[in-house]
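> Listed here are the chains, written in short residue letters.
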Amino acid sequence: MAIPKAGARTAAPSAGPGSPFAVLEGKKGRARILLLLLVLLLFTTVAAAVGVGAVPISPSELLRVLGLAPGSGSTADPVKEAIIFQLRLPRVVAATLVGASLAVAGAAFQALFRNPMADPYVIGVSSGASLGATLAMLLALDFRFLGIGAVPVLAFAAALVTVVLVYHLAKTGHVVSTFTLLLAGIAVGSFLSALVSLVVYFSGERLHQVVFWLMGGFGGANWSYVQVAVPYFVLGAGVIVFHARELNLLLLGEETAGYLGVEVERAKKLILAGATLLTATAVSTGGVIGFVGLVVPHAVRLIGGPDHRFLIPASALAGATLMVAADALARTVLAPTELPVGVITALAGGPFFLYVLRNRKKMRFFA
Amino acid sequence: MSEVILDVHGIAYSYGAVPALGGITFQVRPGEMVAVIGPNGSGKSTLIKCLNRALRPRVGAVYLDGRDLWDYSLRETARRMAVVPQETVVEFDFTVAEIVLMGRQPHLSGLFRREGRRDLAAAREAMELTSTLHLAERLVSSLSGGERQRVIIARALAQEPEVLLLDEPTSHLDITYQVEILDLLTYLNRLKNISIIAVIHDLNLAAQYFPRVILLSGGRIVDVGPPERVITTPNIRKAYHTEVLLSRHPASGRLLVTPLPRRRAGEASGNPRPAVHLVGGGGTAAGLMEAMFCRGWKVTAGVLNRGDLDWEQGKLLGIEMVEIPPFVPISDEDHCRNLALVKRADCALLANVPFGQGNLRNLYALQEALADGLPVFLVDENPIEERDYTGGEATKVYKRMVEKGACLVPSEASAIEAIRGRFAEGLTFSG
Numbered sequence: 005m006a007i008p009k010a011g012a013r014t015a016a017p018s019a020g021p022g023s024p025f026a027v028l029e030g031k032k033g034r035a036r037i038l039l040l041l042l043v044l045l046l047f048t049t050v051a052a053a054v055g056v057g058a059v060p061i062s063p064s065e066l067l068r069v070l071g072l073a074p075g076s077g078s079t080a081d082p083v084k085e086a087i088i089f090q091l092r093l094p095r096v097v098a099a100t101l102v103g104a105s106l107a108v109a110g111a112a113f114q115a116l117f118r119n120p121m122a123d124p125y126v127i128g129v130s131s132g133a134s135l136g137a138t139l140a141m142l143l144a145l146d147f148r149f150l151g152i153g154a155v156p157v158l159a160f161a162a163a164l165v166t167v168v169l170v171y172h173l174a175k176t177g178h179v180v181s182t183f184t185l186l187l188a189g190i191a192v193g194s195f196l197s198a199l200v201s202l203v204v205y206f207s208g209e210r211l212h213q214v215v216f217w218l219m220g221g222f223g224g225a226n227w228s229y230v231q232v233a234v235p236y237f238v239l240g241a242g243v244i245v246f247h248a249r250e251l252n253l254l255l256l257g258e259e260t261a262g263y264l265g266v267e268v269e270r271a272k273k274l275i276l277a278g279a280t281l282l283t284a285t286a287v288s289t290g291g292v293i294g295f296v297g298l299v300v301p302h303a304v305r306l307i308g309g310p311d312h313r314f315l316i317p318a319s320a321l322a323g324a325t326l327m328v329a330a331d332a333l334a335r336t337v338l339a340p341t342e343l344p345v346g347v348i349t350a351l352a353g354g355p356f357f358l359y360v361l362r363n364r365k366k367m368r369f370f371a
Numbered sequence: 002m003s004e005v006i007l008d009v010h011g012i013a014y015s016y017g018a019v020p021a022l023g024g025i026t027f028q029v030r031p032g033e034m035v036a037v038i039g040p041n042g043s044g045k046s047t048l049i050k051c052l053n054r055a056l057r058p059r060v061g062a063v064y065l066d067g068r069d070l071w072d073y074s075l076r077e078t079a080r081r082m083a084v085v086p087q088e089t090v091v092e093f094d095f096t097v098a099e100i101v102l103m104g105r106q107p108h109l110s111g112l113f114r115r116e117g118r119r120d121l122a123a124a125r126e127a128m129e130l131t132s133t134l135h136l137a138e139r140l141v142s143s144l145s146g147g148e149r150q151r152v153i154i155a156r157a158l159a160q161e162p163e164v165l166l167l168d169e170p171t172s173h174l175d176i177t178y179q180v181e182i183l184d185l186l187t188y189l190n191r192l193k194n195i196s197i198i199a200v201i202h203d204l205n206l207a208a209q210y211f212p213r214v215i216l217l218s219g220g221r222i223v224d225v226g227p228p229e230r231v232i233t234t235p236n237i238r239k240a241y242h243t244e245v246l247l248s249r250h251p252a253s254g255r256l257l258v259t260p261l262p263r264r265r266a267g268e269a270s271g272n273p274r275p276a277v278h279l280v281g282g283g284g285t286a287a288g289l290m291e292a293m294f295c296r297g298w299k300v301t302a303g304v305l306n307r308g309d310l311d312w313e314q315g316k317l318l319g320i321e322m323v324e325i326p327p328f329v330p331i332s333d334e335d336h337c338r339n340l341a342l343v344k345r346a347d348c349a350l351l352a353n354v355p356f357g358q359g360n361l362r363n364l365y366a367l368q369e370a371l372a373d374g375l376p377v378f379l380v381d382e383n384p385i386e387e388r389d390y391t392g393g394e395a396t397k398v399y400k401r402m403v404e405k406g407a408c409l410v411p412s413e414a415s416a417i418e419a420i421r422g423r424f425a426e427g428l429t430f431s432g
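Going down the list, the protein sequences come from chains V and G.
Per our numbering, the first sequence starts with residue 5, numbered consecutively.
Per our numbering, the second sequence starts with residue 2, numbered consecutively.
In case anyone wonders, no lab produced these hints; they're calculated from the structure.
One or more hints might be untrue.
Where chain G lies over chain V, by a calculated footprint (3+ residues, C-beta under 8 Å) [to be verified]:
no., segment
1, 25-33
2, 253-264
Beyond 10 Å from chain V on every Cβ pair, some chain G residues (computed) [as the list claims (entries may be wrong)]:
no., residue
3, Thr26
4, Met103
5, Gly104
6, Leu121
7, Ala137
8, Glu138
Glycine is no exception: its CB is placed at the ideal position from the N, C-alpha and C atoms.
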C-alpha cells in the first residue's frame, strides 16, 4: 500500500475498505521482521553461550557436533561433545525456558493487573517457592522425582499452593477482583518472606546453599530439568498466547472487556493459571531471578507497542536471550567462581531499561 | 425484530444490604432515544449496569428482543448491544484504528480470530460516522477528551449494535464537546436506527436532545415520558430536593431549566417570604410570577384559562392555580375556589391586566378580599380606563378599591418592592 498519509486521511468513502488500516498492516509487517530478528539474536546468543567457558568451542565446531554442518559426527571430539551435550546445552536451554517463562508471565501479569510495576512474583509465587526450596534444604530432604531433586520439586509445589491460597483469599463469590488479588498477594508474600528469613536464620552451615539458591542460577541444570519444564512451558505460554486478544482488551479495563464480549472471569482465571505455571516452572528451575519479568516486557512494549499478539512472543524471545547471555556472563566473568545469575540480570537489566526509557522516542519502532 | 427491543421488567438491585434500584419497569422501542436523569445516587449508573450485564438484577428481568438478557452469551450480547462507559482510561499506547477494531471482537471467529474485510469495513464506517478517520494513526492517549469520546463511540459502532448504552457520555467534556457528542448520537440514531439509552446529567441537554426521559430518584422511577411532561417543577423538587425555574426558550420553544440557589437559614429571617395571590392573564403576570417564585415566595394564581401564557408559566413553575378551559367565563364554582386561594394568601396582587366580561369576576374576588382586610396591590402601568372592556364596570370597581386602601404601584418592579417592604416591616394590614 503506497498511499501517501495525506491521501489515506482524505480517502473518499468509495475507496476500498482497509485504507485507514494500512498503517496497521505496515505494523504487522514490521512486527514480523522484529520477531525474526529476535529469533536470530536468540540463536546467536545461544551459540555464543555454548561456546564460552573453560573449554572454548567455536561456532563451526558446535554446528559439526550438532550435525548441522558437513562432515558431522565422525570428526567430533568426544570430550567437546560431552561438554556440549551434558553441560552447556542443557544449561542454556534451561536458561532459555526460564527467561522466556518469566518475560511472558511478566507481560501477562502487567496486563492482567494493569499495573506497570507487576512482575511474575507479584502474587507471591517467589516467596512460596523460596519457602519450599529453603525448607527442602534446611531439612536436607533427599528424594528425586522424575529425575529432579527435592529442592525444585518442593519449590514448584509451594509456589502453586501459595497462588491457590492467594486466589481464594481474594475471591468473593464468583468474582476475583484483580486489585484484591494484588493486595492479597503482597500480604501473603510478605508473610512467607518473613518465614523464609526465619529459615535462612536457622540454616546454619547450609546458609551458603540457601542464599545462593535465593539469588538464582542454573548450576544444577541438566536434561531432566528441561524435560520436566518443557510441557509446563508449552502449556502456560500456549494459554497466554491464545489469550493475546483478551489481554489487549483487558488493558481497556475489565468492564470494557466484558462489554466487548470477553468472558472476563474465565479469561482472568486462565491467564492467571498460565502465568503462575510459567513462573513456578521458572523458579523451580532457576531460583528467584529478578528483573527479567519486569523489564523485558516493558522494553519490548517501548519498542514495539502494547499489542499482545506481538508483545508475548517478542517478550519470550527477548527474555530468553537476556537470560542466556546473563547466565553465560555469570559463569565466565569471575571463572571459575560462578556468580548468581540474578545479580547479573539486575546489574545489566537495570541500566539497559533506563536507557530504553530515556530514548523511547527514538527507539519507537511503531506508530 | 419485535416492537420492543429492550423490555425492563420490574428489576431491583442492591449493593449488599443497601438497595440501589427497585421496581424499575419500562420499555424501549427500536430507534428510540431515551435519557435517564436523576440526582447523584438515584441509581442511574446502576440501571445502566443492569442493562449491560455488568450487574445482574436481584429481582425482575431484562429482555433484549424478547429474550432474557442473561440467556445470551456475552459475545451475542456484545453483537447486539454496545456500551460507552463513563470514563475510558487507556494507559497503554494503542492507536485509534486499533481501539476501533477492538469493537469487532464479538464478531471474530475461528482459531486465530483474524479480522477480515467485513471487519475492516465495519470499523472504517464507524470511524467515518464519528469523524475519527483522520485520527486513525494517532495514539489514543494523545487525543483530547472530545476526540477520545468519539473514538470510544466509534468502537461501540464497530460492534454494529442495535442498542447503544451510554453512562454520562458528556459529563467530563466542555460545552462544545457535549453538544458535538449529543449531535453525533442524534445523527447515529436517525441514520442507523440504533436505540440509544443514555444517562445524562444536564437536564437542559436531556430535554433538548431526548424525546423521552426517565426520571429516577432513590432507585425508583419518578416519571417517564416526553421531557415537557417529566421535567416539571414538582417532579424536580421531588427527585432533586431543589427548586428550579422552568421556562421556554423564546425562539425554539425548548424547555430551559435554571436551578435556583438555595436560601440559607440566616436569610429566611431577614427576607420576608410572603404568600401572594396573583391575578393576571394574557401574559401580564408571567414576569411577576417568575420574579416572586425566584425569591422563594409562595405564589398562587387567580382564575386562568388553560393555554393562556400566564397559565403556561404557572404550570412550568408548579404554581397552584384555579384553571378553567379556554374561552369560558368564570363560573360560580371557579369563583369560590379563587376566593379560597386568595384567603390563604398574605396579600393579593393584580397584574396590569385588561378586563372583559369573561374575567371580571377576578376583580370582584379581589374586591371581596380587600373588604376582608387583605392587603391588595394593583399594578397600574396603564390607566384602568384603557384596559376596561366591560363598559365602565371594571373601572368603577377598581376605583372603589383604591379608595378603600388598595395600593397602586406604577410597575412590576415597584410591586415586588412594595410587597417586600410591607412584609419586611412586620406590619400586618388592618382596616
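> Could you run down the list of hints and mark each one as holding or not?
Against the structure, the hints:
1. 25-33: With 3 residues in contact (Cβ-Cβ under 8 Å with chain G), the coverage given for the segment 25-33 of chain V holds.
2. 253-264: Holds: 9 residues of the segment 253-264 of chain V have a Cβ under 8 Å from chain G.
3. Thr26: About 24 Å separates G/Thr26 from the closest Cβ of chain V, which puts it past 10 Å; holds.
4. Met103: violated, 6 Å
5. Gly104: violated, 7 Å
6. Leu121: violated, 5 Å
7. Ala137: violated, 4 Å
8. Glu138: violated, 5 Å
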